[in-house]
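Q: Sequence:
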Amino acid sequence: MTGKGRGARRPHGELVADVLAVLWQSGKPMTAQEVNTVLGAGLARTTMATILTRLHEKGTLRRVPAGRGFAYEPVEDAAGLVADRMRRELESEPQRDLVLKRFVSSLSEDDEETLRRLLLEAEGGPA
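As numbered in the working numbering, residues 3 to 129 make up the sequence shown, in order.
I should point out that these hints are in silico values taken from the structure, not numbers from a laboratory. One or more of the hints may lead you astray.
Claimed, not checked - As a list, the in silico DMTMM-like pairs of lysine to aspartate or glutamate whose alpha-carbon atoms are at most 25 angstroms apart:
| id | residue 1 | residue 2 |
| --- | --- | --- |
| 1 | 103 | 86 |
| 2 | 103 | 123 |
| 3 | 30 | 20 |
| 4 | 30 | 86 |
| 5 | 103 | 91 |
| 6 | 60 | 16 |
| 7 | 60 | 95 |
| 8 | 103 | 75 |
| 9 | 103 | 114 |
| 10 | 60 | 75 |
| 11 | 103 | 115 |
| 12 | 60 | 36 |
| 13 | 103 | 125 |
| 14 | 60 | 86 |
| 15 | 60 | 123 |
| 16 | 103 | 113 |
| 17 | 60 | 79 |
| 18 | 30 | 75 |
| 19 | 30 | 16 |
| 20 | 103 | 93 |
| 21 | 30 | 91 |
| 22 | 30 | 93 |
| 23 | 103 | 59 |
| 24 | 60 | 91 |
| 25 | 60 | 114 |
Claimed, not checked - Simulated restraints on C-beta separations:
| id | residue 1 | residue 2 | range |
| --- | --- | --- | --- |
| 26 | 30 | 123 | 44 to 54 angstroms |
| 27 | 78 | 110 | 41 to 51 angstroms |
| 28 | 59 | 111 | 34 to 44 angstroms |
From a predicted model like this one, the values you see are computed outputs, not experimental measurements. Each residue gets a CB set at the ideal place from its N, CA and C atoms; glycine is no exception.
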């Protein structure tokens, strides 16, 4: 689209990120209408319902009955969602060791130290 009409379209994923941010901040399940109200984007109820349904189908949200419809809440927090995406990317790559090597070599010293500490903790070593 060229941005004519009711306004320019958001960049891909921005609306989904905004929806997830609203749900994470809420801390409770929300209906499409509630999310739409908080966002204040003036979207049609059906548009918001579609976004929430698709996120549910992807496993990003869980839904609970709410009146005649559903309320939605995130399955994971933001960090969990990013970690899951990183894991899926790694699993899709046949040269996992090369990907990990390049990833680790691109880390800052602080991040590298944090990763070492977390690996030791995961093995049951000293914190």
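Q: Against the earlier hints, flag every one the structure doesn't satisfy and list their numbers going up.
A: Going through the list in order, the structure violates hints 8, 15, 21, 22, 23, 25, 26 and 27 and respects the others.
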